[in-house]
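These two chains come separately, so use the hints to put the complex back together.
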Amino acid sequence: MNRTTGWILFAILAVVGLVGVFLRFTSSRDLAAYGSYIPWGLWVATYIFFAGLSAGAYVVAVLGHVFGVEKLKPLAPLALAIALACLGAALVTVWFDLGHMERVFNVFLRPRFTSMMAWMVWLYTAYAITVLLALYGLWRGNLNLTRMALTIGTPLVVFYPGAAGALFGTVVAQSLWHSPVFPILFLFGGVLSGVALVTFASAFFTRRNDPGYPERIHLLGRITLGLAVLYLLLEWAEYSIPMWYQVGHEFEALMGVLFGPFWFVFWIFHLLLGMAVPIFLLARYPRNPVAVGWAGFLAASMFLAVRLNLVIPSQVQPQLEGLVNAYRDRRLSYAYLPTLFEWSVVAFSVALAIAMAYAVIWFLNREKKLEVTQ
Amino acid sequence: MPENNATQPGTDGLENRRAFLGKFASAVFAGMVLGGAEVKAEEGKTTLALPSRSPDGPIRPELEYEDVLVRMQRELEAALERPIQKWVMVIDTRKCVGCHACTIACAVENKLPPGVVYRPVIEEQIGEYPNVSWRFTPRPCMQCDKPPCVPVCPVGATWKSADGIVDIDYNTCIGCRYCLTACPYQARTSDFGDHWTDGTPGQGQMPYEELPMFEYGKEWKRDGHKSPVGNARKCHFCRHRLQQGLLPQCTTSCIGRATFFGDANDPSSLVSQLIHKPNATRLKEELGTEPRVYYLV
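Residue numbers (this note's numbering), protein chains in the order written: chain A, 1 to 374; chain B, 1001 to 1297.
Just so you know, these hints were derived from the structure itself, not from any lab.
Computed from a prediction, not measured in an experiment: that's the story for all the values here.
Beta carbons: idealized from backbone N, C-alpha and C, even for Gly.
One should not assume that every hint holds.
Covered, in the sense of this in silico footprint (three residues per stretch, anywhere, with C-beta under 8 Å from a C-beta of chain A), are these stretches of chain B [to be verified]:
(1) 1109 to 1120
(2) 1154 to 1161
(3) 1186 to 1195
(4) 1244 to 1250
(5) 1270 to 1277
Cross-link-like lysine to any residue pairs, in silico, SDA-like; alpha carbons within 25 Å at most [unchecked claim]:
(6) B/Lys-1284 to A/Pro-242
(7) B/Lys-1160 to A/Arg-112
(8) B/Lys-1284 to A/Thr-151
(9) B/Lys-1221 to B/Lys-1284
(10) B/Lys-1226 to A/Val-19
(11) B/Lys-1111 to A/Leu-323
(12) B/Lys-1226 to A/Asp-329
(13) B/Lys-1284 to A/Val-19
(14) B/Lys-1160 to A/Ala-166
(15) B/Lys-1284 to B/Thr-1093
(16) B/Lys-1284 to A/Val-172
(17) B/Lys-1284 to A/Arg-110
(18) B/Lys-1226 to A/Val-247
(19) B/Lys-1146 to A/His-178
(20) A/Lys-73 to A/Thr-151
(21) B/Lys-1218 to A/Gly-88
For reference, chain B alone in the conformation it holds in the complex (with noise of 0.2 Å):
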């Protein structure tokens, strides 16, 4: 793609990143940067500061540039070409502002009843005044490369699938709920065929209790005790909206372009140069579960 070699946000934007603060970074640009704050800190040195700008973003705003959104979605059309995809997600907590647009876009996908979450943003205050921040942390399913979740279940309705989602066979699962206390990120909620209008006024469900959803790829209506009421449910990366060629809820409705998604396997690919950054973790590394999504902190 030599065309979008000036423009991308990705390696090729890191080149002219770097070309750039090789040419302009310094004290004048900095003071213009910043509003003409004066740089206290050890005094008579020559102090370099750095625009304050997110790294993703574009470098100059009279530059053209391609929005994140636009390449992992070229780049998810490239990757369903391919045979096997590594799906991973890469989730950059500083551009995170907890909005939880994600959590809610989830909800309304994948049309989730009250106490089945599949992307909660976990809020932490950080520190004591007057130094205290906040983290926001969004947790989906992990997909874990060894799940835990996995080997727990005693009729096999849950499994890692090639492209290393983890899914669930709702028509199997028993709802033993085994696999919910295996999970250490607990990410799997049980549908206990609770519904948003239980205990209102008014006469029955809304109609949008009644509508479809179509998780891994088929049509299920919460309906009495069917599947998916009773079983163990999770965020699957919205596995039927990749079969049809689009990016997960939570990745397109993140309006800080916090969310990353894409193929692994493709080493060109935004989610490949973000999780080999020196800042990319993963949660709860020391048990060895290897997740398939990524934090940038």
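One chain only, chain A, in its complex shape (with noise of 0.2 Å):
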């Protein structure tokens, strides 16, 4: 892909995306599928797919400033941009989903500390301070600051993904979430995805004749497929414990995921393209950048079914018996599907996080402080 039609494709994603965030505007919700009995749709699930993709780009830049690992050392830079762009994305698209954006700031100025929300967000601003010192230290040169803040946000990002998966799991009305296994599974399918994004940016953004480009993708490569593997393990405890024996809310709700409806996001979207895919093409061709960058793109990207499946199936559950058919509006429904214009708004974030991650590359580079990126 030549950078026009890369350019022409960005050009495509900002149009409707900046569509979506004028009917956001104007319209209020009114052309948003989600409603009462389904309240956290499309825009949560991509919410916590961007946070995660943060998390695993940052786990990049902490593996070689922090632990060490000198062929990942190059890459704090693009990692650093990506893991910044993706937080960016992230908090944009959830401000979208707020009933009232402008009480934002009420999380900060009045938070109540027994919500895993309020702790999620204090330690997405105490961790998007140390991106920003990291990339700072990077700037100017200061390569200890850069050590510093990333040894501060080592624990942060353990705990922000793990926060983020906490605000589902302390649920105890919602059978699917309540479960000790989600923190874990989001710390690792985060970290999966945000390292395979990197994956994809290093092989096919980054300088094919640096002599250190075959090793790192190679090595970027092995550790997305081990996170693959290892978060495939931890999605077959999610599953196969609560199915085991046929019976319960959670069965019904998984089997919903399994065989519902939307059967195709689980088995093509996740497992197939997701999973299956880079998984082969990670253990066929680990020393094919082309093969191991394709294999990242996907595994991050398609990560989104992951998030989908982890947000709404649990609310398709109604909690009583008949409350669906008690009183009759579009909003009080058991039924989801994404709108056109709530994916035009998901088309902005990811139009936003291409132009940040861009825009901060950009400026590294005019600086000459990038040793790998084009």
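Take a look at the structure:
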């Protein structure tokens, strides 16, 4: 894909996204499909998707600068740019989801720390500061500052995806969410998708004539492969335990995921395109940068399917039998399919993430602080 | 209140009822009440059949009795004199006829827009032909003593008040809808800013859509994006009516006298008597949320 094609695709994404954002501000949320019985939809799933990508990208920088993996050290600017961009996209997406966007600062002004959401916002903020400090250190050539920021950020990058998982896992009312494995799933899922995204970006957007390039891509491919296998193991636990005896709400909800009307989200987008194909490519062609790059792209992008399956199926299960017929309204439904409007807002978030990452890379390139980026 | 002893349908009424049943329950009486229907069960044995009637209704039509609404109103006024109340609602599912009057009365009282409902009535068909019946379950907010919706709020916009009602501060709520996901009774709905006249011919909103409502004792007008638009909303036992010495609208409007409301701190109140009956139950007891809404089944 040449540069012109890339710009055209980005422009389409940005235009669609801007239309979505315009509609979000002018028509409120009339055009969204979520309601009161399924309060969280595509935007919340996208938010945790981007948050996970950010955490995973950050981990690459941490591996290089904190744990001394020399092969990955040159990737720190790219990884941190992706981490910042994805964090920005995550927060913007969930901001659009709020009923009162103008009151978002209440989370800082009057937080209630019994809420995992409050914890998460504060952890995000601390994490974002370390990302900015690490990038500032790279810009000023102060690698000690970068290392220090990343060291402080290391526990944060464990806790905040975990907190995102706990945000769901602590909700007693949602039987499918209320599981101790959720924070672990979110942590490893985030790291997997983020490392995979950096793998993709490194394979296609860094200098191939750099002497360390082949080994770097090989190493990233190996890490992605290991994380993918680990995630499948955790996912097996997530699905097999509630389903084994084929009884209960969790069983019914998971049956809906596997064989319901949106079965293809799990089987095609997640398991086939997001797991099987990348694992095959990474295992079969570990030293082929193109194969590794595409494996990274698939593993990262298809992880949105995992996020959708984490957020929505639990809410599709009625809390009280018969409630849906007690009062009919389109907002009081247990059926959910994201509308084009919701997807267009997601397009904006993706375009925003690309623009932010590009801007940071462009700036650092101009300052000649990058070693490997094209 | 000794002067009411003979006529109250609560504990005193129960005493009267026992005395009455002891005196009059007989096969002859049962035959009269049942319209002379033949008693076929276990022929040869003396069969006692009790008259079919509602438990809190009049024992004998000719006896004077007090409407439960009058009693609850009197008890409400007495409760408001006390420094602290423990508001409780009791719903007799055997009396509920599924008329949905409470749902409508609530919507009118609180000027609820489309998609926002505080008290739907769940209808369920039980059994198969020929043994079929209907069950009606009105579902207000349970005002749980351990409300899962409260600790999840990231900005402290909802809390458990001293009288037991779970309140929402519309002006603080950010509209994240975390509380909606956390409620095991799905008693919270989000106000998406819809209007009844959306998509209908005509110009603008109808006057009834522009009327203010008075939830939590404040005047609110749904105008543009102002609160409560964008907020989580739910039943609050008509706190604004309680503040004025009035029963919740669902209680007042119940044509079958199936909804009871009062202060459980008063052991002689109607609700105190009802919630300690063996047939009193609560929804999803196993979650430990300790709802303040009881069902008589």
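Verification of the hints:
no., hint, in the structure
1, 1109 to 1120, "holds (count 5)"
2, 1154 to 1161, "holds (count 4)"
3, 1186 to 1195, "holds (count 8)"
4, 1244 to 1250, "violated (count 0)"
5, 1270 to 1277, "violated (count 0)"
6, B/Lys-1284 to A/Pro-242, "holds (20 Å)"
7, B/Lys-1160 to A/Arg-112, "holds (14 Å)"
8, B/Lys-1284 to A/Thr-151, "violated (46 Å)"
9, B/Lys-1221 to B/Lys-1284, "violated (35 Å)"
10, B/Lys-1226 to A/Val-19, "holds (24 Å)"
11, B/Lys-1111 to A/Leu-323, "holds (21 Å)"
12, B/Lys-1226 to A/Asp-329, "holds (22 Å)"
13, B/Lys-1284 to A/Val-19, "violated (44 Å)"
14, B/Lys-1160 to A/Ala-166, "holds (23 Å)"
15, B/Lys-1284 to B/Thr-1093, "holds (16 Å)"
16, B/Lys-1284 to A/Val-172, "holds (12 Å)"
17, B/Lys-1284 to A/Arg-110, "violated (32 Å)"
18, B/Lys-1226 to A/Val-247, "violated (45 Å)"
19, B/Lys-1146 to A/His-178, "holds (17 Å)"
20, A/Lys-73 to A/Thr-151, "holds (14 Å)"
21, B/Lys-1218 to A/Gly-88, "violated (38 Å)"
This entry does not satisfy hints 4, 5, 8, 9, 13, 17, 18, 21, going by the numbered hints stated previously.
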